[in-house]
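S.K.: Those protein sequences? They're chains G and H, same order as listed.
Okay, so the first sequence: first residue is 649 according to my numbering, each after it adds one.
Okay, so the second sequence: first residue is 3 according to my numbering, each after it adds one.
Just so you know, the hints here were simulated from the structure itself, not pulled from any lab data.
Just so it is clear, the structure is predicted and the values come from calculations on it, not from any experiment.
All C-beta atoms in this analysis are idealised placements derived from N, C-alpha and C, irrespective of residue type, glycine included.
The following label-pair restraints were derived from C-beta to C-beta distances:
1) L690(G) <-> S191(H): 57 to 65 Å
2) S43(H) <-> L663(G): 51 to 59 Å
3) R758(G) <-> H223(H): 47 to 55 Å
4) R98(H) <-> P696(G): 13 to 21 Å
5) L690(G) <-> S43(H): 26 to 34 Å
6) Y697(G) <-> S181(H): 34 to 42 Å
Some chain G residues judged to face chain H by a derived CB distance under 8 Å, without partners named:
7) V680
8) L688
9) D787
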Amino acid sequence: MTAIMLLRGVYAVWLREITRATRDRAQLIGGVSRPLIWLLILGVGLNPYFRGEVYGEVRFVIPFTYLQFLFPAVIVLNIMYTSIQFAVSVIWDREFGFLREVLVSPMPRRLILLGKVLGGSTIATLHGSLVLILARFADVTLSIPQMLTALGLMFVLAFGLTSFGVILAARVRSFEGFGVFSNTIILPLYFTSSSVFPLDPSLTRTQMVTAYPEWLVFLMQINPITYAVDALRGVIIGFNQFPPAYGLMVIFGMAVVFFVVALIDFGRS
Amino acid sequence: MSRSVVNRWRAAAVNLGAVIVLLVAASLLPPDTSLSDRERSGVLKLCVPQSFPPLVTGDPEMPGYDVELAGAIASEMGLRLQVNTLPAIGRDYNPRNWSLTRAQCDIIGGGVADSAQTRSFLQTIPTDSRTGWIGISATGTMPETGSVVAVLPGTSGLDRVALSTWLRSQGLRGQLVRSPVQLSQDLASGVAQTAVTERFLANGLELDPAANKAFWLESDHFAPVSTALGLWKGDQTLKRAVEAATTRLEASGSLEKLRKRYGVGAELTLTNP
Chain G
649 MTAIMLLRGV YAVWLREITR ATRDRAQLIG GVSRPLIWLL ILGVGLNPYF
699 RGEVYGEVRF VIPFTYLQFL FPAVIVLNIM YTSIQFAVSV IWDREFGFLR
749 EVLVSPMPRR LILLGKVLGG STIATLHGSL VLILARFADV TLSIPQMLTA
799 LGLMFVLAFG LTSFGVILAA RVRSFEGFGV FSNTIILPLY FTSSSVFPLD
849 PSLTRTQMVT AYPEWLVFLM QINPITYAVD ALRGVIIGFN QFPPAYGLMV
899 IFGMAVVFFV VALIDFGRS
Chain H
3 MSRSVVNRWR AAAVNLGAVI VLLVAASLLP PDTSLSDRER SGVLKLCVPQ
53 SFPPLVTGDP EMPGYDVELA GAIASEMGLR LQVNTLPAIG RDYNPRNWSL
103 TRAQCDIIGG GVADSAQTRS FLQTIPTDSR TGWIGISATG TMPETGSVVA
153 VLPGTSGLDR VALSTWLRSQ GLRGQLVRSP VQLSQDLASG VAQTAVTERF
203 LANGLELDPA ANKAFWLESD HFAPVSTALG LWKGDQTLKR AVEAATTRLE
253 ASGSLEKLRK RYGVGAELTL TNP
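Looking at chain H on its own, in the form it has when it is part of the complex (with noise of 0.2 Å):
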């Protein structure tokens, strides 16, 4: 390269060299305190239902893939766990009226979908477990046009106005029912011929499995999603803290031995409790 060329642009790459090194610099700034905060009072806050088999299960010697996580996580952080049952959670459709504040929780676990309609109101971590509608009938399928099919939305974030225009779409008629003894009722006694639930929840239903099979449903409109971690929105410092202690955790292999020990993959498996 010729010296004119090289003095020609000199002063234009120590102008662009100095503005992208103030950039950079500004880009390291913390954004929130979100973090700051938990490091000086030591304490990872995890709110949970108290009960959502395998993420929450209640039971000291396997708590749950999700509190086990959030425990991990916790310790790669340097900081303690401290798990908040709140039998609120899931008592309603709407979360709002599960009350969860921000004095209660920094995450919040335990079935949250990683849907966009989670993410209207926290910052989601995918956690690697699947979740999303499923369908139960004796022949793995979805009944025949006109059919009646007995409905549990839950309470995970997954797309329930979704699910309805794929069942109208379908030729179904869609019954809503209020609890998984409901939805096990009515489909053990024939009034409905198939049940679409939350893939975890089919875990709470006290069907025969020999007799009954789980199946994915799949449309433009709903795919199986993530679960995941649920964060405050704007608590930036403390997601990107969580998100290289789970990267550090799956580089270890510890998460792939959480998601076989609770059996959070992909499979569906219906289990008599």
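Okay, chain G solo, but in the shape it has when bound (with noise of 0.2 Å):
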């Protein structure tokens, strides 16, 4: 086969997972609640308790209000749910043959596995930035290098955890069984990734541990997820709990690592 017709290939296992995400109502929908139920109900909901009320005494010290800081980690939410549940579709296309003709072509393994994720991450990128259309409601500004910039990013990190969600599917035989595991996955890695709660960086580790219990700064810290908000809130907002380069590393290393092995899961099964 030519260079072209394996690129056409890929193009086409790519325009499938396109078409059929952009047909799924009650995908689009998730996209759209989430961003709705975190920024809208939460971020307004909560935004009393961190407001000022007398100069100088603030709890949520950051230079930023609450839904500024939110709105980041509530665009890494709703592409975590999209990339990693992309392995619902693997698991469809395994339970009902479609992986197994995509299989017996002359393609490549590898290039069926890229096309596929790089539709997730084509569509978890897509879901992505559907919050930033919120971005005036949570007054936060963007330019267009910085909207670039936090999109690029965004796509890095969606092609790592589809990757991801392909691994997890290699191990989940059933429907139902991936909806408990996503769950258990997907909510925990978000609540222990700084999102909801600032860890102060002007704070010594010491300091923080009397802020918070040792065991939640551990699992913050052992987090990548905690790093891939924090370089996106370093884009967005332009405030970083880490030294930047932190996050573009673990962005980057996850979508290598995740990536290669999904390929290898991919081979075997």
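Make one complex out of these two single chains by using the hints.
M.R.: Structure follows, in structure tokens:
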């Protein structure tokens, strides 16, 4: 097969994922309901508890409002759900025979996987960028370079997490099993990523463990999503809790490592 | 475009369009009641210190840049400005001890620096007057290593830690002073070769403008910043309305006139009070 034919094959697999996802109203409703719930309900609901009442006295000592702080985390949440739940499509294709038909084609397996992961990543990035429509509501102003950098990071993060979804799919045999698995992974990762409360960057570790129990600080620090959220916060609201390079290393590292593991798993399946 | 391609993407376009319309509509919802509360009362309350020239002067003819700016903003918003002069502002380094509450103030003015420190407690709307750390000496430069520098930090929210670190890195000995009078005396008597203070505080120093020169201090850790009007964190709708009014005032040229009237640009001058 020539390179052009191989690229067409990747494109066909990618296009199938895009077509299916954009026609799936339930998936799109999920992509809308999460930002609405997290920003409009939780963000606005908790806002009075984080706003200032007396000058110089505020529990939430970061130079941003709670909605601004939450905004990049909701983008990551939308990407996480869409990427990891992409594994459902892999299970679906496996259960209903489409995967078998594709696998007997002359296309190399790694390119079939690449097409699927690129399709999942594109949809997850689209779901992440839906949150950007609420930027005005959260009082977040984005320049064009900021927007492009954020979209780039969102895509690489989505690529890594979609590959992670494929790894999960290889270990789960039914749709029902995957539902439980995804909730026990996505929400714990999200809540322990400093998404809804800050690790104050001005505090030393000793000071930080007086604000939060040490086990929680430990979980936050070993959670890769913490650094992904931090990288997006750095780009979108200019606030980093960790050195900015950490976030980039983790996002690109996840993309490479998870894709390689997904390749190995997909090859075996 | 062929009919089959149109048909293939029609459902997707309809779904995406509906989602985008829903999110755009949601983004137009007011996130809080701060603006509607002010509109109901018809009053916008500004809290300022007794004096912080030229931002707050106490002179009814020329009440100060921040006071006039807030008045113009209130007028644009169809509200009446109520200026609350609070002697507690600036009395202590820690703003917590000023006891400013939501009940007293909608906006805080009169020397709020648009710095990360301030934004930890307030939302800020820059007002285009510049402030920052300035040096004052006979030569217009910082003295040689080992010299004593008198420091009057003020209360604007500039980064004192960064200033202290920078002074140490330059091999200078910072000596904290408590008042503009003490700073002037230390400089005049030669106790300190150079003074460092906040830009607008320098207006209150009793110094001979002919014998002293003021200059901006700049390093990687602190550059001059804009002064700002401070609003409470979370008062999003009020902030939007104030920003919109400020934009209209800027477009009409009113702000430029105000800046010229009070001389709050980047040019440094020492005035003998």
